[in-house]
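Participant: Chain by chain, the residues:
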Amino acid sequence: MRFIKSVIGVGLLMAGALFMGVSAVLADTSSQSTTITLSVPASISMTGLATSYSKVAPSGVTTRVDNQMTVNTNDPLGFSLSLTYGSANFNGGAGHSFAASNDMVSVCDATGTFCGTGIAGGNTSPVTLFTTSSANASDQFVIAHSIAVPASQAPDSYSIGITYTASAN
Amino acid sequence: MAPAVVVAASTTPPALRLTLAPAFALVQPDQHEVTFILVNSGDQAVHIAVTSSDSWVVPSEQGFDLAGNTRHDMVASVSIPTAHDAGDHETRVTFSVPPTNTSGLLAVTQALASRVIVAVGGIVIRDLHIYGLTTPRIADSFESPPITLTLDNSRSNVYEIVTVAPFGQVLLLRGQVRTLSLAWGSHPWFGPSTVNAGGMSSTTWFIPWHVALGLLGLLCGIALSLSIRHSRPKEVTS
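Chains A and B supply the protein sequences, listed in that same order.
Those letters in the first sequence? Residues 5 to 173, per my numbering, in order.
Those letters in the second sequence? Residues 4 to 241, per my numbering, in order.
To be clear, the hints were calculated from the coordinates, so they are not data collected in a lab.
A portion of the hints provided could be inaccurate.
[Claimed, not checked] Just the calculated beta-carbon pair ranges, DEER-fashion:
(1) Ser43/A <-> Ala48/B: 27 to 33 Å
(2) His233/B <-> Thr117/A: 23 to 29 Å
(3) Ala98/A <-> Gly125/B: 54 to 60 Å
(4) Asp70/A <-> Pro195/B: 41 to 47 Å
(5) Leu131/B <-> Ala124/A: 31 to 37 Å
(6) Val44/A <-> His132/B: 32 to 38 Å
Note that CB positions come from ideal geometry on N, CA and C, so glycine has one too.
Build the full structure now, drawing on both the sequences and the hints.
Facilitator: This is how it looks when you write it as structure tokens:
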């Protein structure tokens, strides 16, 4: 009988110790919550354009130079893309030049296959190429420059500076 | 043979990837600065030139270098002239990357511009007029009917944002008049659909009537040929 009482007593002691241990473990795993708040502004991005494009363009022939780009914005009003020429002429060395209006600019789809109506280049004020009116995840397109070099144009290296500006609406 | 016009630099530098935020900022009368964030997600380091269209918003830097995969925060102070109109004022802050190689046929500067509208306060006049919303009563389901609409904010001295459902939103600056010509491409295949703009609405019924007329013509042809066949006198064999 005394042996049974001892066994029960030891058992109760072990159970009590186990209970205290579990309580201590539970107390160590108490949790805290916090909040992460992000402020997401309207943003606009442009990618795909190189800083310069070069091509061999025979005189008397129209040569096409494609500027592929992607514009993204989360602005619900969409974006506008404008083009500004740095000068009214393609300039070469030794006073050689020809009018930048020989550059017909058109907006094409992402593959450059289907293009809108061309507009003559050379405007040193911004000209809007196109405008969207909603947010877009990815708007890919090609700006095609079809440059008709005059037949009598002297051999030389010609260049012109252009600026593409994307802005939210 | 026509002489070739040879241009220099046959290689094309790698493309850039830049992001600007905020792309559109509304500055309240008690706000004195705007912070712009420019992110270069490309690997190539670039030099950024910063310009402002007027003296209302003055960037703290005229330019800075931006390494690849980094961002740069730039503060611009808002300075309202002592003599100014009530209402809104618009300034554009432009971040541009000048070309590193100017000898190519096309030397490209790419720029991102943020539109900053400074709310000056004072006597605000809101007088937006929307008129001329026209849509066809009936259109073919496979066509994109034209929509025209004029938004006139010429008598207001503050900007307005007009929702033209289901197309999107349109920003009108103070004094601005915009005539929209839209192609209604995303519409239901069959049934009525409505364009809404500032309380005005116009409904178009979309019916595949070209296909329906074609089918009707086909059925009429079949019916006619059957009736002719049945109306022929039967041959009597003796």
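Participant: Each hint should be assessed against the structure and marked as holding or not.
Facilitator: For each hint, the structure was consulted:
1. Ser43/A <-> Ala48/B: 27 to 33 Å: 28 Å Cβ-Cβ, so the 27 to 33 Å window holds.
2. His233/B <-> Thr117/A: 23 to 29 Å: Distance hint for His233/B, Thr117/A is violated at roughly 53 Å.
3. Ala98/A <-> Gly125/B: 54 to 60 Å: 58 Å, holds
4. Asp70/A <-> Pro195/B: 41 to 47 Å: 42 Å, holds
5. Leu131/B <-> Ala124/A: 31 to 37 Å: Cβ of Leu131/B to Cβ of Ala124/A: about 35 Å, so the range 31 to 37 Å holds.
6. Val44/A <-> His132/B: 32 to 38 Å: 33 Å, holds
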